[in-house]
Amino acid sequence: MFSWDLLANAVVAGLLLGGFYAAVSLGIGLVFGLLDIANIAQPAFLVLGAYMSFVLNEVWGIDPIVTGVLLTPVFYLIGAVVYRVYYGSFERRGDEGLRGLVFFFGILFILEVSLSLKFGVDYRLVQAEYIGRSIEIAGVGIAFRYLIPCVMGIAMTATLYLFLSRTFYGRAIMAVSQDQGALRLMGANPVQIKTIAFGIGIAAASLAGALLITITPVVPSTDRDYIGRMFAITVLGGMGSIGGTLAAGVILGVIESLMATFFGPSWAPAVSFGILLLVLAVRPAGLFGR
Amino acid sequence: MNRTRAVVGLGAAILVLVAAIALVPVARAANPIKIGFGMALTGGLAGNGQGALLAMQIWKDDVNKAGGLLGRPVELIYYDDQTNPSTIPGIYTKLLDVDKVDLVVSGYGTNLIAPAMPLIMERKLLFMGLFGLNNNEKYKYSRYFQISPGGPQSALSFSDAFFEAAARQNPKPKNVALVGDDAEFPQNALVGAREHVKRLGFQTVYDKTYPPNTVDYTPIARAIKATNPDVVFIASYPPGSTGMILAAQEVGLEPKLFGGGMVGLHFTSLLTKLGPKLNGIVDYGFWVPEPTMKFPGIDAFLQKYQPAAAKAGVDPLGYYLPPWAYANMQVLAKAIEATKGLDQAKLADYIHANEFDTIVGKVKFGSDGEWEKGRMILIQFQGIKGNDIEQFKHPGRQVIIYPDQYKSGNLIYPYAAARK
Chain P
1136 MFSWDLLANA
1146 VVAGLLLGGF
1156 YAAVSLGIGL
1166 VFGLLDIANI
1176 AQPAFLVLGA
1186 YMSFVLNEVW
1196 GIDPIVTGVL
1206 LTPVFYLIGA
1216 VVYRVYYGSF
1226 ERRGDEGLRG
1236 LVFFFGILFI
1246 LEVSLSLKFG
1256 VDYRLVQAEY
1266 IGRSIEIAGV
1276 GIAFRYLIPC
1286 VMGIAMTATL
1296 YLFLSRTFYG
1306 RAIMAVSQDQ
1316 GALRLMGANP
1326 VQIKTIAFGI
1336 GIAAASLAGA
1346 LLITITPVVP
1356 STDRDYIGRM
1366 FAITVLGGMG
1376 SIGGTLAAGV
1386 ILGVIESLMA
1396 TFFGPSWAPA
1406 VSFGILLLVL
1416 AVRPAGLFGR
Chain B
298 MNRTRAVVGL
308 GAAILVLVAA
318 IALVPVARAA
328 NPIKIGFGMA
338 LTGGLAGNGQ
348 GALLAMQIWK
358 DDVNKAGGLL
368 GRPVELIYYD
378 DQTNPSTIPG
388 IYTKLLDVDK
398 VDLVVSGYGT
408 NLIAPAMPLI
418 MERKLLFMGL
428 FGLNNNEKYK
438 YSRYFQISPG
448 GPQSALSFSD
458 AFFEAAARQN
468 PKPKNVALVG
478 DDAEFPQNAL
488 VGAREHVKRL
498 GFQTVYDKTY
508 PPNTVDYTPI
518 ARAIKATNPD
528 VVFIASYPPG
538 STGMILAAQE
548 VGLEPKLFGG
558 GMVGLHFTSL
568 LTKLGPKLNG
578 IVDYGFWVPE
588 PTMKFPGIDA
598 FLQKYQPAAA
608 KAGVDPLGYY
618 LPPWAYANMQ
628 VLAKAIEATK
638 GLDQAKLADY
648 IHANEFDTIV
658 GKVKFGSDGE
668 WEKGRMILIQ
678 FQGIKGNDIE
688 QFKHPGRQVI
698 IYPDQYKSGN
708 LIYPYAAARK
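From first to last, the protein sequence lines stand for chains P and B. Residue numbers for the first sequence follow our numbering, so the first one is 1136 and each next one is one higher. Residue numbers for the second sequence follow our numbering, so the first one is 298 and each next one is one higher.
Everything labelled a hint here was simulated from the structure, so no lab data went into it. Some hints here could point you the wrong way.
[Stated by the list, open to error] Straight-line Cα separation of at most 27 Å, DSSO-like style, residue types lysine-lysine; simulated pairs:
1) B:Lys704 / B:Lys670
2) B:Lys643 / B:Lys397
3) B:Lys601 / B:Lys643
4) B:Lys643 / B:Lys495
5) B:Lys397 / B:Lys421
6) B:Lys495 / B:Lys505
7) B:Lys574 / B:Lys601
8) B:Lys435 / B:Lys469
9) P:Lys1253 / B:Lys608
10) P:Lys1253 / B:Lys469
11) B:Lys505 / P:Lys1253
12) B:Lys357 / P:Lys1253
Please read all numbers here as calculations on a predicted model, not as lab measurements.
Only chain P is shown next, with the shape it has when bound in the complex:
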C-alpha cells in the first residue's frame, strides 16, 4: 500500500499533530520540567479550558481559539492561587513529595467531578467554520482543525522560549530550577518567580484545552487520556527544554501518523513508547535535556 503521496500526507499529518501535542505539553514542561512540581492535575486544567471554550462557543458563538486566548489571564490567576496554596501547605514545610502529589490528585478529581456535575457527562464539541474543512497543497491534504492547533502550538513554544530566554522573569524562572539561593542574591523572590511560572503553565494548559475541543469531543474524564502523553512528551524532549517539548511532540506525532497509515493504528502507542524507552536508555535526560 506504500506510495509517496501517502507518505507525504502521513508526515504532514504527523507534523500537525506534533504541534498540537507540543501545545498540550508545554505547561507540564514548564511546571514539571523546570519547577520540578509533579502537577498531575495539569490535564484537568486542559479539560477545564476546553469546557470554558465550549461554554462561550455555545452561548455567544465565540470561536474556541479566541476564547482560549482571552481566558489565559484568568487561568494564569487560577494557577498562581493553586501554587500559593501548594507552597503554603506543602513546599514551605518540605512536604512537597508524596503529600504534594496527593494534593494535585485531589485537584484533578475535584475538577473532574465539578465538570461532571455542572455539564453532565455528554460529549461536548464546538462549532467553528474550519472544523471538517481542509485544503490540498501539491497532493497533501491539510485539515484546518489540525493546522490551527499546530500553528498555535508553535507560536506558544516560540513565545515561551523568547520569554524564558529574553526577559528578566523568564531568566529567573530558568534560574529558580537551578539555584534558588543564587536567585535570592540577585534580588528575586523564588516563590514569586515560581508563582509566575506555575500560572503560565496553567494558562498554557487552558489554551491547549481550547485547541483540544476543536479537534475531538471532550468529556470530563478526557484528562485521563492525556496524563501519560503529556509527561511522556516532556520526558522525551528533555526536562526543562521548551524546544525539546516541541521536538518530542513532533516525533510522537509523526510516528503515530506513519504507523496509522502504513502498519495499523494499533501499533502507534507501542512504537511511540518503545522509542521513548529507547531514547531514555541512551539519553536518560531526554533528547534536549541537560
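Starting from the known structure of chain P, arrange chain B on it as the hints suggest.
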C-alpha cells in the same frame, strides 16, 4: 387500687399487642424490593449511563405510584462503576452481601456486563443485561437476558442490516473496508462484519483497529481511501465516530456506503454539533422517532424523560438507550408480578416462556437470553439542516431503511448523493 392497676396494665398490654399485630403487615408493605446495579455515571460511557439511570428511576416512580410490586415499593440501589470493568465484581459483591438486594440487573454495555457474569453465575442469579453484545455466547447461562434487539447471534445481527443494504444495491458494491476501536464491543461487531463480508461475497481491502484514545483519524481515513473501498464499515465509540466522520470529510473519503456501527451519533450532543455533516451516514439503530416505531407507552415515557433529562443535564432526546433501560425493568416487573415472588429460577423460567409488551414493542427472549428474533434497524441521516435540536424530534431525519417491516423511507445511494 391494685385491681385498677391490673386492669389498666392489661388494657395497655392488649393495646400494644393489637398495635403490633396491626403494624406487622404495614412493616412488611414498607419493606421494599431492592434492585441493585452498577451504572456508568462517570467515565466514557457515562453519557448513556446517566440517561439509563434516569429511565430506571422513572420506571421505579411509575411502579411505586401504581402500588409497587407484590404490594411492596421498589427501591433502586446503585453505584457508579466509572465505566471501569474492574469495579464491577466489587460493586455486585457489595450489593449482594452488604446491601442485601433482592435482585440485580446489569449496568450499561458489554464491557461492564462481562465482569459481572462469573459472580452472577456462581450465585445462580437472574441477570437482566442492558445492551451487552455477545456476553452470554460462551457461558450459555440460562438466567441471563439482554434487552437490545440483536437477536440470537447478536454479533452477526448487529451489522446484518448494513451489509444486506449494501448487497441490495445495483450494481452491487465489491470492496469493503472494516475499521473500529480496540475495545470489546467494536471488536465483537467487527467479528460479525467479517462474517457478513464473507457470506455476501464482498472483498475486504482494509481491516484494522485503532486505540480508543486516538487523536488524529486523518491518517486512518487516508489509508482507507488509498484502498478505494465501495463500502466502509466503522465500529466505534463516540470519539472515534466523530473523529472518523470529520477525517473522512477532510481527506475526501467518500465511499458508496459509510457508517454501520458508530456509537454516539444518536446522542443529542453529537447529533446537534455534527448536524449536516451526518447527512448520508448509515448507522445501526434501536429506536428512532419514526412513525413505524410508535409502540404503546413510548410517547408517555418520553414526555416524562425529556423534561427530567433537561433538568438533570443528560441526553435531552433520549432515543438511544433510555427506552430500553425502561423496557428492561418492565420485563422484570411483569415476571415478578406473574410469578408472585422473587425466586430467581421461577423468574428466569417465566421470562424464557413468555412474550412481553414493553415501550419498545413486543419482546420475546430465546434460549441464550438474547431476543428470540433480532430487530435491529438501519437508519440513514437525511435532510439535516443546521444544528437545531427540534428537527431531530420529528420523523424524516433518521430514516429507517431496513428492515422492511419498520421501513420509513428509502436509502439515498451513494453516500455522495445524500450529502448534497
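Verification of the supplied hints:
The suggested pairing of Lys704 (chain B) with Lys670 (chain B) holds, with an alpha-carbon distance near 17 Å, which does not exceed 27 Å. The hinted pair formed by Lys643 (chain B) and Lys397 (chain B) meets the criterion: a straight-line CA distance of about 20 Å does not exceed 27 Å. Restraint check: the Cα-Cα separation between Lys601 (chain B) and Lys643 (chain B) comes to about 32 Å, which exceeds 27 Å; the hinted pair is violated. As the CA atoms of Lys643 (chain B) and Lys495 (chain B) are separated by approximately 41 Å, the hinted pair breaks the 27 Å bound.
Taking the CA atoms of Lys397 (chain B) and Lys421 (chain B), the gap is near 15 Å; set against the 27 Å cutoff, the hint holds. The suggested pairing of Lys495 (chain B) with Lys505 (chain B) holds, with an alpha-carbon distance near 16 Å, which does not exceed 27 Å. Under the criterion of a C-alpha separation no larger than 27 Å, the hint pairing Lys574 (chain B) with Lys601 (chain B) is inconsistent with the structure, at around 30 Å. A threshold of 27 Å between alpha carbons decides the hint, and for Lys435 (chain B) with Lys469 (chain B) the separation of about 35 Å lies outside it, so the pair is violated.
Pair hint Lys1253 (chain P) plus Lys608 (chain B) holds up; C-alpha atoms about 11 Å apart against a cutoff of 27 Å. At most 27 Å may separate the alpha-carbon atoms for a hinted pair to count; Lys1253 (chain P) and Lys469 (chain B) exceed this at roughly 49 Å. Annotation: proposed proximity of Lys505 (chain B) to Lys1253 (chain P) is violated, straight-line Cα distance about 37 Å (limit 27 Å). Under the criterion of a C-alpha separation no larger than 27 Å, the hint pairing Lys357 (chain B) with Lys1253 (chain P) is consistent with the structure, at around 25 Å.
The earlier numbered hints that this structure contradicts are 3, 4, 7, 8, 10, 11.
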